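Q: Sequence:
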Amino acid sequence: MEAMLPISESQMIYATVIACIAPLLSFALAFVIKKLAPAISILGITVSFICSAIVFFAVWNSGSVYHFSIPWVDFSGFKINAGILVNNLTVVMLLLVSFIALLVNIYSVEYMQHDADRPKYFAYLSLFCFAMLALVVADNLFLVYAFWELVGFASYLLIGFWFTRESAAKASKKAFIMNRIGDVGFLVGLLIIYSQFKTLDIDAIFGAGNLISSSFIHQGNWVTPFAAMPDYWLTIAGLCFFAGAIAKSAQFPLHTWLPDAMEGPTAVSSLIHAATMVAAGVFLLVRIEPLFNETVLTVIASIGLFTAFMAATVGLTQNDIKRVLAFSTVSQLGFMMLAIGVGNSASAIFHLVTHAFFKCLLFLGAGIVIHEMQHLKDKYKVDFDPQDMLNMGGLRKRLPVTFIVFLIAALALSGLPLTSGYLSKDAILLSVFDWSNLKGGVFWAFPVLISIASWCTTFYIFRLIFKVFFGEFRLPKFINATIDLNKIHDPSNWMKIPVIVLAVFCIGFVFSVSPLSLEQSWLYSVFSEQHEANAMLHLLVPVYINALSLLLIFAAYKIYAQNSFKPNMENSWFYRFSYNQWYFNEFYQAVFVNTTVWKAKFWYWFDMTVIDGFVNLSGKFAIYSSYAFGWFDRNIVDGLVNFSALVVERIGIWFRAVHNGKFQHYVVWMLIIFLSFFIFQMIF
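Sequence positions in the sequence shown follow the working numbering and run 1 to 684.
Simulated crosslink set (DMTMM-like; lysine to aspartate or glutamate; CA at most 20 Å straight-line):
| id | residue 1 | residue 2 |
| --- | --- | --- |
| 1 | K566 | E472 |
| 2 | K379 | D115 |
| 3 | K379 | E110 |
| 4 | K377 | D320 |
| 5 | K496 | E110 |
| 6 | K377 | E472 |
| 7 | K397 | D484 |
| 8 | K487 | D385 |
| 9 | K79 | D203 |
| 10 | K558 | E472 |
| 11 | K439 | E294 |
| 12 | K599 | D612 |
| 13 | K173 | E149 |
| 14 | K34 | D117 |
| 15 | K381 | D115 |
| 16 | K377 | D115 |
| 17 | K558 | E570 |
| 18 | K620 | D607 |
| 19 | K487 | D378 |
| 20 | K173 | E586 |
| 21 | K170 | D320 |
| 22 | K477 | D320 |
| 23 | K397 | E472 |
| 24 | K377 | D490 |
| 25 | K377 | E110 |
| 26 | K477 | D388 |
| 27 | K487 | E110 |
| 28 | K487 | D383 |
| 29 | K487 | E472 |
| 30 | K34 | E110 |
No wet-lab data here; the hints were simulated from the structure. Nothing here was measured: the structure is a model prediction, and the numbers come from that model.
With the hints as constraints, model all of the structure from the sequences given.
A: What follows is the structure, given as C-alpha cells:
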C-alpha cells in the first residue's frame, strides 16, 4: 500500500495544519453557538478527518519526510521553532485519531442528548482532539511537551465532566496529579537532550543523518558533536522520557488513575482508551526510540510485562463493565510497551492501531448497555448500579446488533484468528519469544507471563460477554420488581452506525490480504525491519496461544452462561487480591495520601499552635506591656511632672503672698532670711 495521492508539499502542509486547527475552531464556536455545538464539533472533526486522509494517502509509504517550521522562541541563544513533521508514523496517528474521534462525536449526539451541559461536552471533546492531533505532528520535543500537557488538561476536563459527583471530581484530580508526576520526568528528559544536542528538533535528533547516530560512548562519557557528559545520563534521559509515558499510558506504578477515569461519560472513555491520551505515551516512545540504550529498553520491557500481567489478572474479577475494559486497556498498553522494550516498535504501533478500533468498540458497546440500563433506572425509579454486570444478563436477545459488534471486538481483543487483534498480538508475542530466545536465562519468564496475560484477557472479556448477554436478566431479582424487557432495545443510528463501522475494522482482512499472515500486513510491513526469525516459534506460538484461549472461552461459557458449575473463588486470597486491584490504591492511600494529609494536619497544627501561638503571645505581651507603660506614664511620669508643677504653683502662690506691698512684712522676711543664712553658715 503506497502513496497514491499526488499533491504538492505546500498543499500537504496546509492540509496537515487544517486537520489540527479545525477542532480548535470547533472548541471556540461551540461556546458561542451552544445550540449547534454537536453539529459544529462533528463538522470540525470531519474536516480534520478528510484532511488527515488526504495527507495519509499522499505520504504513506512514499519514503518522504516533510518538515516545515518557522522561528518561534529566540532568547539568549535558546532557539525553538514551531512547525510540523510529517512521516509514516505521523499520518497513521493523524488518520486514526481523527477517524475514531469522528465516530465518537457522532455516537455522542444521542448518548449526551439529555445532558444539560451538552455544548460544553462537545467543546471539551474538540479541545481534546486538537491537543492530540497537534501532539502527533509537532516537529520538536518542546511543542510535543506543550501539547502533551494540553492533552492532560483536556482529559481532566472530560473525566470530571460530571463534576457534581464527588467520585468524578476525585477521579479527574487523581488523573491530573498522577500525570504531572510523570511529566516531571519528561521535562527533565527535555533538559538533558537540549544540553547535549542544543536543539529539540525531532528530525534533527532522530531523523535521517540524525544527531543520535553521531553520538557515541567513549571512556565512560556520552559524547555528541556539541557536548559530553557521563554515559549514565543517556540512561537517565531515556528513563525520564519513559516516566512521562508511564503516567500518560497508565503503566505501573502510575496506572491507578485510568480505572478511576471511568467516572467520565462512556464516549469519553472510549476516546481516551482508544486513540488519544493513553496512546500518546506509546507514540512518544516510538518517536524517540533511537535514544534508548539496552538498559532502558530492558526496563521498558519489564514494566510493560508486569503491567500487562497485573492488569489482566485484575480484570478477571471486576463486576463493573467499564472497569473490566479499563484494566483491559492498561494490560494492552503493557503489551505495547513490552513490544517497544524487546525492540519491535512496529508491532507496538500495529497493536496501537488495531487496539484503537476494538477497544473503542468495546466501550461504545458498553455505553449502549449502560444507556439502556439507565433508562430502566429512570423509568422504574429504582436504585441500582447500571454498570454492574451482576444486574445484567440475557441482553443479546434485546440488543442483537450491540451483541454482535461486541462479540467481534471481544474476539479481536482475544487475538483469535481472522481478527485484527490476531495479527497485532501475534506480532508482539512472536517478538517476545524471539527476544527471550536470544537473551536466554531468566528472560524466558517474559513469554511465559505474557502468554498468561493473553489467556487472562480472553477469559475476562468472555466472562463479561456471558454475564451481560447470556443467561437470564437478573435485575428483577435484585430490585423485586417486574420489568418490561421490551423497553430494552438497540439504539438509533446515531449510536448504531459508529459501532458497526468499528466492527468492520476489527476484521483481519482490513489490515492484511491474508488475515493469518502477519508479513502481508500493509501496516506492519512499513514499520518493521526485516530480520531472521525462528520459524518453529512462529509456527507453534499462535497455535498454543489460541488453542488454550478457545478452551478458556468454553470454560467461561460453562461457568457464566450455562451455570454448569461455579468455582467458589470469592473467599480465596487470589480473588480478593485481584478484586482489590492488588491493593495498589490502598497502598498509595496509606503511604502517600494519608502521609500527605497527616503532614498537612501536623503543619496546620504547628502553624495554628506554635507560629500563631507565638505571634498571639507576642501580641498579648505587647498589649500588657502597653498597659504597664501606660500606667507608669500616667502615675509616675505624669505624677512627677504634675507634682513638680504643683510645687512650683505653691511656691508661686507663697511668693505672691509675700509681695503684698507692706514694708513691715518685707523687713521681717529679710530678717528671717538673714538669720537663716547666718545659722546655716554657723552650722556648716
